[in-house]
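Undergrad: Protein sequences appear in the order of chains F and B.
Take 1 as the starting number for the first sequence in this note's numbering and just add one per residue.
Take 1 as the starting number for the second sequence in this note's numbering and just add one per residue.
These aren't lab readings, by the way, just hints derived from the structure by calculation.
Be aware that one or more of the hints could be misleading.
With a straight-line cut-off of 30 Å between C-alpha atoms, the simulated DSSO-like cross-links for lysine-lysine are [stated by the list, open to error]:
id : chain 1 : residue 1 : chain 2 : residue 2
1  : F       : Lys71     : F       : Lys57
2  : B       : Lys2      : F       : Lys70
3  : F       : Lys71     : B       : Lys56
4  : B       : Lys2      : B       : Lys70
5  : F       : Lys57     : F       : Lys70
6  : F       : Lys57     : F       : Lys14
7  : B       : Lys56     : B       : Lys42
8  : F       : Lys9      : B       : Lys42
9  : F       : Lys9      : F       : Lys71
10 : F       : Lys57     : B       : Lys2
11 : B       : Lys67     : B       : Lys56
12 : B       : Lys2      : B       : Lys42
13 : F       : Lys57     : F       : Lys9
14 : B       : Lys70     : F       : Lys57
15 : F       : Lys57     : B       : Lys67
16 : B       : Lys70     : B       : Lys56
17 : F       : Lys70     : F       : Lys9
18 : B       : Lys67     : B       : Lys2
19 : B       : Lys42     : F       : Lys57
20 : B       : Lys56     : B       : Lys2
21 : F       : Lys14     : B       : Lys42
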Amino acid sequence: NAGVTQTPKFRVLKTGQSMTLLCAQDMNHEYMYWYRQDPGMGLRLIHYSVGEGTTAKGEVPDGYNVSRLKKQNFLLGLESAAPSQTSVYFCASTETGASTDTQYFGPGTRLTVL
Amino acid sequence: QKEVEQDPGPLSVPEGAIVSLNCTYSNSAFQYFMWYRQYSRKGPELLMYTYSSGNKEDGRFTAQVDKSSKYISLFIRDSQPSDSATYLCAMSASGSARQLTFGSGTQLTVLP
Numbered sequence: 001n002a003g004v005t006q007t008p009k010f011r012v013l014k015t016g017q018s019m020t021l022l023c024a025q026d027m028n029h030e031y032m033y034w035y036r037q038d039p040g041m042g043l044r045l046i047h048y049s050v051g052e053g054t055t056a057k058g059e060v061p062d063g064y065n066v067s068r069l070k071k072q073n074f075l076l077g078l079e080s081a082a083p084s085q086t087s088v089y090f091c092a093s094t095e096t097g098a099s100t101d102t103q104y105f106g107p108g109t110r111l112t113v114l
Numbered sequence: 001q002k003e004v005e006q007d008p009g010p011l012s013v014p015e016g017a018i019v020s021l022n023c024t025y026s027n028s029a030f031q032y033f034m035w036y037r038q039y040s041r042k043g044p045e046l047l048m049y050t051y052s053s054g055n056k057e058d059g060r061f062t063a064q065v066d067k068s069s070k071y072i073s074l075f076i077r078d079s080q081p082s083d084s085a086t087y088l089c090a091m092s093a094s095g096s097a098r099q100l101t102f103g104s105g106t107q108l109t110v111l112p
């Protein structure tokens with residue numbers, strides 16, 4: 001049981017390049033989330049999904065797109081990377097029907113945009 | 001103004017000290033309150049969960065929620081060097097697709 005995994009762990013992009021971050025979970029969770037973490041800002045929600053085929057915007061969605069084609073995977077895309085998107089990106093998932101809102105986090109992807 | 005305010009620290013204490021970490025919030029719809037612990041270069045992991053007001057104890061950790069004051073606290077007794085991490089408060093409202101709003105985190109170092 002791997003929990004939540006993220007690919008890649010590190011990436012360096014040039015301004016204007018595109019990339020996709022992959023999140024996978026093996027806990028059969030319905031809800032999945034993408035956050036970014038910046039110094040002094042805590043974790044901010046980018047996009048989330050409440051089930052396969054659904055996505056919704058979070059607090060800071062601009063410049064990002066997401067897709068949830070399979071229940072276990074949640075992809076985060078940057079179409080044209082900007083230096084302001086330099087951050088650590090975390091994926092998380094949670095189960096529906098649970099008594100808590102516990103979110104399980106992946107190990108993170110460190111992205112630098114030059 | 002942020003919905004959730006947390007003193008960023010850093011906080012440095014000697015081993016065995018009692019540590020108090022706090023967050024204030026402005027959204028009265030928040031009903032679920034959590035504390036996450038994040039070690040350096042790792043993802044956050046849930047430490048404590050509390051619903052509505054009251055106290056919850058788990059070993060050396062106690063979480064308190066005062067909804068009337070919109071204030072939550074985490075106390076760590078007999079702190080250990082292994083407690084050195086960033087502590088993030090988080091909260092959510094019912095019907096919010098379990099979205100969490102996080103504080104900015106407090107970096108704690110427990111010195112041996």
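Undergrad: Take the hints in turn and mark each one as holding or not.
TA: How the hints compare with the structure:
Distance restraint check for F/Lys71 and F/Lys57: the Cα-Cα separation of roughly 18 Å lies within the 30 Å cut-off, and the hinted pair is therefore satisfied. A distance of roughly 34 Å separates the Cα atoms of B/Lys2 and F/Lys70; the hinted pair therefore is violated under the 30 Å criterion. Using a Cα cut-off of 30 Å, the hinted pair F/Lys71 and B/Lys56 is violated, with the two alpha carbons roughly 34 Å apart. Between B/Lys2 and B/Lys70, the direct Cα distance comes to roughly 13 Å. Compliance with the 30 Å bound is thereby established for this hinted pair.
With a C-alpha separation of about 18 Å, the suggested pairing of F/Lys57 with F/Lys70 holds against the 30 Å cut-off. Among the hinted pairs, F/Lys57 with F/Lys14 is consistent with the structure: their alpha-carbon atoms are about 25 Å apart, no more than 30 Å. Between B/Lys56 and B/Lys42 the alpha-carbon distance is near 26 Å, which keeps this suggested pair within the 30 Å criterion. A threshold of 30 Å between alpha carbons decides the hint, and for F/Lys9 with B/Lys42 the separation of about 11 Å falls inside it, so the pair holds.
Simply put, F/Lys9 and F/Lys71 have alpha-carbon atoms about 22 Å apart, close enough for the 30 Å limit, and the pair holds. With a C-alpha separation of about 19 Å, the suggested pair F/Lys57 and B/Lys2 falls inside the 30 Å cut-off, and the hint holds. Annotation: proposed proximity of B/Lys67 to B/Lys56 holds, straight-line Cα distance about 14 Å (limit 30 Å). For the suggested pair B/Lys2 and B/Lys42, the alpha carbons sit about 25 Å apart, so the restraint of at most 30 Å is met.
The hinted pair formed by F/Lys57 and F/Lys9 meets the criterion: a straight-line CA distance of about 24 Å does not exceed 30 Å. With a C-alpha separation of about 27 Å, the suggested pairing of B/Lys70 with F/Lys57 holds against the 30 Å cut-off. Restraint check: the Cα-Cα separation between F/Lys57 and B/Lys67 comes to about 28 Å, which is no more than 30 Å; the hinted pair holds. Restraint check for B/Lys70 and B/Lys56: satisfied, since their Cα atoms lie roughly 17 Å apart, inside the 30 Å limit.
Annotation: proposed proximity of F/Lys70 to F/Lys9 holds, straight-line Cα distance about 21 Å (limit 30 Å). The suggested pairing of B/Lys67 with B/Lys2 holds, with an alpha-carbon distance near 17 Å, which does not exceed 30 Å. A distance of roughly 25 Å separates the Cα atoms of B/Lys42 and F/Lys57; the hinted pair therefore holds under the 30 Å criterion. For the given pair, B/Lys56 sits about 26 Å from B/Lys2 by alpha-carbon distance, which is consistent with the 30 Å threshold.
Using a Cα cut-off of 30 Å, the hinted pair F/Lys14 and B/Lys42 holds, with the two alpha carbons roughly 25 Å apart.
In this structure, the earlier hints numbered 2, 3 are contradicted, and the remaining ones agree with it.
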